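Peer 1: Let chain A serve as the given structure and place chain B on it in line with the hints.
2 protein chains.
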Amino acid sequence: MPRLYDYLDSGNGYKIRLLFALLEQPYTWKELDILAGETRTPAFLALNPNGRIPTLELDDGTCLAESNAILWYLAEGSPFVPQDRLARAQVLQWMFFEQYSHEPYVATPRFIVRHLPKDSPRRAELPDRMARGMAALAVMERHLSTRTFFVGERYSIADIALYAYTHVAPEAGFDLAPYPHILAWMGRVSAHPKHIPITCRPPE
Amino acid sequence: MPRLYDYLDSGNGYKIRLLFALLEQPYTWKELDILAGETRTPAFLALNPNGRIPTLELDDGTCLAESNAILWYLAEGSPFVPQDRLARAQVLQWMFFEQYSHEPYVATPRFIVRHLPKDSPRRAELPDRMARGMAALAVMERHLSTRTFFVGERYSIADIALYAYTHVAPEAGFDLAPYPHILAWMGRVSAHPKHIPITCRPPE
Numbered sequence: 001m002p003r004l005y006d007y008l009d010s011g012n013g014y015k016i017r018l019l020f021a022l023l024e025q026p027y028t029w030k031e032l033d034i035l036a037g038e039t040r041t042p043a044f045l046a047l048n049p050n051g052r053i054p055t056l057e058l059d060d061g062t063c064l065a066e067s068n069a070i071l072w073y074l075a076e077g078s079p080f081v082p083q084d085r086l087a088r089a090q091v092l093q094w095m096f097f098e099q100y101s102h103e104p105y106v107a108t109p110r111f112i113v114r115h116l117p118k119d120s121p122r123r124a125e126l127p128d129r130m131a132r133g134m135a136a137l138a139v140m141e142r143h144l145s146t147r148t149f150f151v152g153e154r155y156s157i158a159d160i161a162l163y164a165y166t167h168v169a170p171e172a173g174f175d176l177a178p179y180p181h182i183l184a185w186m187g188r189v190s191a192h193p194k195h196i197p198i199t200c201r202p203p204e
Numbered sequence: 001m002p003r004l005y006d007y008l009d010s011g012n013g014y015k016i017r018l019l020f021a022l023l024e025q026p027y028t029w030k031e032l033d034i035l036a037g038e039t040r041t042p043a044f045l046a047l048n049p050n051g052r053i054p055t056l057e058l059d060d061g062t063c064l065a066e067s068n069a070i071l072w073y074l075a076e077g078s079p080f081v082p083q084d085r086l087a088r089a090q091v092l093q094w095m096f097f098e099q100y101s102h103e104p105y106v107a108t109p110r111f112i113v114r115h116l117p118k119d120s121p122r123r124a125e126l127p128d129r130m131a132r133g134m135a136a137l138a139v140m141e142r143h144l145s146t147r148t149f150f151v152g153e154r155y156s157i158a159d160i161a162l163y164a165y166t167h168v169a170p171e172a173g174f175d176l177a178p179y180p181h182i183l184a185w186m187g188r189v190s191a192h193p194k195h196i197p198i199t200c201r202p203p204e
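Heads up: the sequence lines are chains A and B, in that order.
In terms of the working numbering, the first sequence opens at residue 1 and continues consecutively.
In terms of the working numbering, the second sequence opens at residue 1 and continues consecutively.
Chain A extracted, bound-state conformation (with noise of 0.2 angstroms):
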């Protein structure tokens, strides 16, 4: 059974315990603190020389990091990534998207004000990181305007990796509400009969 090692607050650990959950698929969960350093103790470092969770340790020891590659490992065959070549390739697209126009600019300022002291210097970063994240959002309210889902009109790993830090992109202080499109396409997402909140902790 893969292992995860995870953080419970991480967007990108959430995506892996969401698509788990949606495709029924049982995993064992390791908790690490972050925050103490846990993901760059040697013993960690040897699983995943970059240090960061999400880590998916497989059977036979072999582990896979980078959120997004670990989704379409677990997800390639299964509904939620098309067969198409050309729907694959804008699957990736809106993965690579999340990861270098989205992440550092709506995620990273959840970070700093859910987890740096308030008066850590880091808060210097929050309007630029913020009207950055607002430029993603932006895009991604274009693309959905005329579309239920990110491609081929299916739920697919596209909108797990967006979605992950989007619905909690109010946390850091994101208003959503000019983003009726991206409000909606969360609707849809969360209803799926089998979605899980990212604050359902997994056993351990």
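Hints are computed from structural coordinates only; laboratory data are not their basis.
Careful: at least some of the hints might be erroneous.
Examples of chain B residues toward chain A, derived with CB under 10 angstroms [claimed, not checked]:
no.: 1; residue: E66
no.: 2; residue: G77
no.: 3; residue: M95
no.: 4; residue: S120
no.: 5; residue: A136
no.: 6; residue: T199
A few chain B positions that, by computed beta-carbon distances, are all more than 12 angstroms from chain A [to be verified]:
no.: 7; residue: L23
no.: 8; residue: P26
no.: 9; residue: D33
no.: 10; residue: L45
no.: 11; residue: A69
no.: 12; residue: L71
no.: 13; residue: Y73
no.: 14; residue: Y100
no.: 15; residue: F111
no.: 16; residue: H115
no.: 17; residue: A131
no.: 18; residue: M140
no.: 19; residue: P170
no.: 20; residue: G187
no.: 21; residue: H195
no.: 22; residue: P203
On a predicted model such as this, the values are computed, not experimentally measured, just so you know.
Idealized CB from N, CA, C, for every residue including glycine.
Peer 2: Quick look at chain B alone, frame taken from chain A:
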């Protein structure tokens, strides 16, 4: 024939040019002056709402963005994407590593040094970005210390993605001498008989 919107000095664009050369696949090429705002015009934003090169326009007018998603689209089914499920996910792992942990800290310093004025306030970003860039290079060095290529002991699009900005890192001021395994790997990549340099301008 696909049409590549690109900028010659871009490592992200070079990834696609290099793969086209390796696959011996013809394409048309259109250079945009990113410094003059040619990726922010209404005409280009209609092709890619995120306003970035490279963007690949297919015969039916569909546009694909994100360099690593374009690599996957073009290479799936070729020897540059493995068949094995785990190896495929490992290729994606390294491509997400490239966009999240490498490109902002290796490519962006090169852009600041080469394309922004000498008195640009963005030069203040260089020390922090380059420290993170060296951390990414250290992860690559450790991985390559026991391998010839990033995944499965053969040249894949993971190598193309990481080679693109690593081989020009000295242009940003990085010293690659402390990374002998990276240097040897770059030699293997550039020894491919169909290799082309980043400076090789395709016919427009």
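Peer 1: Can you give the numbers of the hints that this structure goes against, from lowest to highest?
Peer 2: 4, 6, 10, 11, 12, 13, 14, 18
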